[in-house]
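**Student:** One line per chain: the protein sequences are A and B, in this order. Following the numbering used here, the residues of the first sequence are numbered contiguously, the last one being 308. Following the numbering used here, the residues of the second sequence are numbered contiguously, the last one being 308.
Since the hints were derived computationally from the structure, they do not count as laboratory data.
When chains are identical, the list treats them as one kind, so a pair holds in a single copy or across two.
Pairs of lysine-lysine, DSS-like flavour, derived with a Cα cap of 30 Å:
| no. | residue 1 | residue 2 |
| --- | --- | --- |
| 1 | K58 | K189 |
| 2 | K221 | K278 |
| 3 | K58 | K206 |
| 4 | K189 | K278 |
| 5 | K298 | K221 |
| 6 | K13 | K138 |
| 7 | K251 | K221 |
| 8 | K221 | K206 |
| 9 | K138 | K189 |
| 10 | K206 | K278 |
| 11 | K101 | K189 |
Given the structure is predicted, the values throughout are model-derived calculations rather than measurements.
2 protein chains.
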Amino acid sequence: MKIAIIGGGSVGLLCAYYLSLDHDVTVVTRRQEQAAAIQSEGIRLYKGGEEFSADCSADTRINSDFDLLVVTVKQHQLQSVFPSLERIRKTNILFLQNGMGHIHNLKDWHVGHSIYVGIVEHGAVRKSDTAVDHTGLGAIKWSAFDAESDRLNILFQHNHSDFPICYETDWYRLLTGKLIVNACINPLTALLQVKNGDLLTTPAYLAFMKLVFQEACRILRLENEEEAWERVQAVCRLTKENRSSMLVDVIEGRQTEADAIIGYLLKEASLHGIDAVHLAFLYGSIKALERNTNKVF
Amino acid sequence: MKIAIIGGGSVGLLCAYYLSLDHDVTVVTRRQEQAAAIQSEGIRLYKGGEEFSADCSADTRINSDFDLLVVTVKQHQLQSVFPSLERIRKTNILFLQNGMGHIHNLKDWHVGHSIYVGIVEHGAVRKSDTAVDHTGLGAIKWSAFDAESDRLNILFQHNHSDFPICYETDWYRLLTGKLIVNACINPLTALLQVKNGDLLTTPAYLAFMKLVFQEACRILRLENEEEAWERVQAVCRLTKENRSSMLVDVIEGRQTEADAIIGYLLKEASLHGIDAVHLAFLYGSIKALERNTNKVF
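Isolated chain A, as found in the complex (with noise of 0.2 Å):
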């Protein structure tokens, strides 16, 4: 099977490696650097103290011999990415972005693909140009989201233990269940620059963090939001000692996902007249720190 990954991030190198396994993987960079080294030394993945190698090609195109496309580039890359897939043949699409901020692009985006969404919960971070160090052991998961959802379960057959593809029948659910954990954690940690974990243990954070919990929840009408507090406060302590995404993106001056994430549910809010006080004054904060970081302000 002939399978494009677009980006060559940590998420897109750690699909390249596990699915060159099975397939054969071009990985479609923005750099005609990366996409050298690539071809020339495969792809490196560390794992417990262990290193792993497979070969692949690579590109800066994207051509129309693929059977699928996985698209691993941030949500606020993607506007760059739109115009090629949109010269390219019908075939499978599958994006892999944090928050929603895609979903509104996504529902105006008419080209007879067949688009698919899902979630990564593994962690990964880019060593090099061609390496990848996993760092925790997860799952994508993934739903269709304008296509038949048998054709990608008959790609994704045999793939590795330590990268199982599940597939979940309701997209809404599965990127509202994975939005919800990041608008609650990811802005808070970043504005108060504290591991996951102190979100629990400050009482008066937890306090905050549970208002901005229901002011979301409000915005994406979930079923069950006692179920869905439980888990923002599991990940909270599963993932006690790291720093979140999004305040690494801060530290280092990158920019944020806020828009995928906070913009997300602020634009949900204001197509449907619902108040987004906390999440509004998070959104605003995050932005005045990215500004603030680049030396804009």
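Go by the hints and put chain B onto chain A.
**Tutor:** Quick look at chain B alone, frame taken from chain A:
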């Protein structure tokens, strides 16, 4: 009358200029360099495009010669001033700090001085070690904290029309009236990096500020909430183009007055078992911003 102004910042230089028109004023500075400059050049004041000057003494030590000391250093610098004040003979001391963090200190400070507290409603920007720009005409309002008020009333007769000094009967009412305004405007503008007026024009920010206001009101046991909320909004309107002092401190990488303003409220909340979820979050976020700006994190 012999008056010492402790601190050569914007408020110190402003007080020194105006009080020296009627009194024998000495500015006490931390740096020898600034004391020498004031001693030789006097103080220049800019106002409405004009320049004024006044002769002033200066020193780096506080001695026992003064009828009144006006302490103008910031609240977080007070700890280095207290020991000197404990060594001199009993006199009148007026504390002009922002916020109320120093109130907890003063309550435990039993030294026999006649203690007064006040607020500064002037706009002033220090231009150099000896020059200050009087950017906004206002008033100094003061009240007896642990003293007979009539003693200072006599000292403050005959002052300049651009520098009114007004007596208020209730120090708690005076200080909390300013604190509630600072607590609402300063942390929010610093985190969102917006001008004061933007807190009114963005509905979600106004609603968030209201939540902060309600928390602070409960902690301070303010009598007339509605009037106080009107005043907060009036200050936002009147200073709509201004950047709050906390925002400027954050931008310039200085320590903010978060302890003096929010720290006092959190301590009071904790003493009386009152929830302060929003204030605790704002405090944590401002402190993180201070660390971040100072590159300690």
